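> Chain by chain, the residues run as shown.
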Amino acid sequence: MKPTSRTGVLVLVLPALLIYAFAVLVPFVGTIGLSFTRWNGFGTPEWAGLDNYLRAFKDAVFMSTFGHVAIYIAATLVLEVLLGLVLAGFIAAHKWTGFYRVALFIPVMLPMVVVAVLWRTIFNPDVGILNAVLKRIGFQDVSFVWLGDPRTALLSICVVSGWVFAGFFMAIFLAALTRLPPDVVESARLDGAGEVKIFWRIKVPMIRQVVLLAVLLCVTGGLQGFDLFYVMTNGGPYNTTEVPTTYMVKSVFRDGEIGYGASLSVLVTIVGLIIAGGFWYYQRRHPADVEY
Amino acid sequence: MKSSVRLVTHGAVAVYAILCLLPLLWMAMSAFKDNGSISLSPLSLPTTLDFSVFRDAWAIGGIGQYAINSIIVTAVSTTLVLLVSSMAGFALSRLVFPGSRFILIGMVVGLLLPIQAYFIAQNQLFELVHLKDTRLALIVPYTAIGIPLAIWLIKTYVDTMPKELFEAARIDGASDLTVYRLIMVPLMRPALVTVGIFTALAAWNEFLLALLYVQDESLKTIPTGLLAFSSRYATDYRMLFAALTMVTLPLIIIYVVFNKRIVEGLTQGSVKG
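Protein chains in written order, with my numbering: chain A, 151 to 442; chain B, 665 to 937.
No lab work stands behind these hints: they were computed from the structure.
Keep in mind that a hint or two might mislead.
[Claimed, not checked] Keeping only pairs whose Cα atoms sit at most 27 Å apart, straight-line, the calculated DSS-like set for lysine-lysine is:
{"no.": "1", "chain 1": "B", "residue 1": "Lys924", "chain 2": "A", "residue 2": "Lys245"}
{"no.": "2", "chain 1": "B", "residue 1": "Lys796", "chain 2": "A", "residue 2": "Lys400"}
{"no.": "3", "chain 1": "A", "residue 1": "Lys400", "chain 2": "A", "residue 2": "Lys208"}
{"no.": "4", "chain 1": "B", "residue 1": "Lys827", "chain 2": "A", "residue 2": "Lys152"}
{"no.": "5", "chain 1": "A", "residue 1": "Lys245", "chain 2": "A", "residue 2": "Lys347"}
Predicted model, so just to flag it, every value in this text is computed and none were measured.
So here's chain B without its partners, still in its complex pose:
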C-alpha cells in the first residue's frame, strides 16, 4: 500500500514536470515544420531540420532589432539601479542625516505602489517632456521601479557589516565617497548580484509600460515586439514558433547555467508580473 502511494506521487510529480516542458518542446518542434503540417498534424515530429526560418524571423521579422533594444534598455536600467541604489543604500545604512528616516519610509511605501497606481499620469508627464517613443521612456521608469527594493536590500545588507570597518576608514581620513568607492562597492558584491538579477529580469520582461510608451517599431523591446510580430505573421505559424523559440532559448540557457543564483535572486526580489 505504502509503496503504491509513493509510486503515484512520484508519477504525478513527474507528469507535472513534463507538462511544464511539453509546451516548450512543441514550440521548438513546430518551428521546423511547414505551416501545413503544423495545422494538420500538430503532434507529428518534424521531418527536416531547416534553420532558415530562424534567420528570417531574426532579420526580416525584426526579432534581432527587438533583442538589441531589450539588451540596451535592460543593461542601462540595471546599471543605473545598481549605481544609484548602492550609493543611497550605503548612505541610508551608515550615515545619520536629516531626512534619512523619511526617505526610508518613502521607500517602503514605494515597495507597495504598483505600476497601476501611477502609470496614467506618468504617461501624460512623459508626453509633456517628449520622452515617449525614445529608449529613455523605458529606461527611466524601469530604473525608478527597481530603486525601492534595491535600496532596501542593499541597506539591509550593509547593516550587517561591522561598524569598525567604517570607523577605521574614517580615522584614516577617508571621506564618505571614498569609503563608498573603495570599501563598499567590493564588499557589496553579493547583494548587487541579487539585485542585478531581478532588476534585469523585470526590465527584460516588462510589458505594460513598453506597450503604452513605445509605438516606434525600431525601438520596441522583446515583449511588445513579439506581440507585433505575432499579428504581422498571424497565419505564418512557422515564423511565430521560430520567433518564440528564439526569445525563449537564451533565457533557458542562462537559467540552466546560473540556476542557483537566479532562483535566489528571484525569490528574494519576489517579482511577480
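Okay, chain A solo, but in the shape it has when bound:
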C-alpha cells in the first residue's frame, strides 16, 4: 500500500533507523576506518595504511587464537549440537520427559558470567567439587589445577560451554522433530526399521535444514566466544585459551592500541562473514525438497 502521509512513514521508521545507525552502523564503519590508523585514544589517529593488517598476520598469538577457537568449535559441535540432537531424539521418542526438558534447559537461562564464575569454583583445586568427587572415587592425590594447566584449560571451557548449550540445541531440534508428520515414521516402522535407524536415516535427514542452522549458530557463536574465556582463564595459561575477542579486548583496553585492535576486529568479522556465506552457498546448492 502507499503510505497515507510522508511524515507517517518517517515517524514509524526513523526511530529504529536512527538508534541502529548511531550504535551499530556508524561504529562499524568507524572500526573499519580505525583499522588503518595508529591510535592510542588521545590526539588524532595517525594513518598507518595496511601496517596493522601486516602485523596481525605476523602476530603468532593472534593467529593462534583461530586455532583455539577451532578446537573450541569442534568440541562444541560434538558436546552441544550432536549431543543436543541425540537428546532431542530420545526425548521426542519417549513419554514423561518433562523433567529432562526442564533440567537440560535451565543452564541456557543463566548469564554466561554466572555460569563461568560457578564453574571456576567447581574447577577450583581447593574448594571445587570436581577434585572432591575425584578424590572420593579413588584418585587420592588430586589437586589438579584444571584451568591453570595448558593441557586441560581449553577443554574445561569446552565442557562448560557444552553444559550450557546442549540443552539449547536440544530444544531447537525437539521443536523440529515434533513438527514431523507421523505417517512417514509410521510407515518406516511398519517396514521393520528400528527406532535408532529411523532416527538417523529418516528423522534427521528430514530436519536437515534445522541441523544446518544449528551448526551455523554453533560455529559463528564459537567464533564470537568471550564471556566464558574472559572469566575462567582470560586467555591463560600461556595464551593457550586466547580467543580472538579476548585478544582484541587486550589490545585495545590493556595496551591502548586501538588501531591494531580494530584491524583484528575487521579480520575476525571477515572470517565470520565468509563462514556464513559458505553456509548460505551450501544451502542454495542443496535446497530442501520439503521444509519442516
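Starting from the structure of chain A, add chain B where the hints point.
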C-alpha cells in the same frame, strides 16, 4: 538384549540430566555452609539453614544494586526495541516507500554483524559523547542490537495478516499511525512476546559491553557486578555461593513458570552468547 540397551540409554539420559542440575544444587547447598566446611568437605550437606548470608550478599555485597540496575537496563531497552521495531516492522511489511528495500537489506546485514565488528569504535564514540558510565551506555547498544532481528520477525509476522484488514481501515479513513496504534499493536501481541523474551534475556545476560562501558560500581549490571563481587569476596566462598544462588534462582523460577514461551522465544531468537 533390546531392553538392556533401552535401560542403558534411559540411564545415560537420566545421568546427564542430573549432571545438569548437580552444579546448581552444590551451589545452593554451599551457601548454607561455613567457609571451613566448604573447603574441607565440599560434598557434605549443610547442617544449619542460616539465611543471613543472603541478606549480606544482597545489601552489603551490592547484589541488590546490581539487580536494580539490570532490571532498569533490561526493561528500558526491551520496551524500546518492542516500540521502534513494531513501528518499523509494520511499515516495512505494509507500506511501499522509497528506500524500504534498502532498509530491509540493511537489517539482514545487521543480523550478521557480531558485536566484535563494531565495539571498538562504539567505545570511542560513546566516550566522545560522554555516554560511558551512564545507564544509557548499555540501554542504547542493547536496543540497537535487538532491532534487526525484532524488525525481521515482526515484519514476517505482519506479512501473514490478510491485506483486507488494512484496506478496510484505509477506506474508513484511518491514517497509517492510527492503523498501527489501533489494529497492529493488539494483533502483533504474539510476535511481541517472542521478541520481548529473547531481547530481555540477551540484555539481562550481556557481558562484553557492560564490562567495557560501565566501571561505576553503582551502575553495574548483574554479570559485571557479580564478577566484581567474586573478586571482592575471593576467599569468602559462602558469600560467593549465596550471590550466585540469588542471581540464579529467579531465572530458574521464571523459566519453570513460563517454560513453553521461553523455549519458543529463545529458539526463534536463536541467541547464543
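> Hint by hint, say whether it matches the structure.
Hints, verified against the model:
1. B/Lys924 - A/Lys245: OK: B/Lys924 and A/Lys245 at ~17 Å, within 27 Å.
2. B/Lys796 - A/Lys400: This hinted pair holds, its Cα atoms lying about 19 Å apart.
3. A/Lys400 - A/Lys208: holds, 17 Å
4. B/Lys827 - A/Lys152: holds, 13 Å
5. A/Lys245 - A/Lys347: Between A/Lys245 and A/Lys347 the Cα gap is close to 19 Å, so the pair holds against 27 Å.
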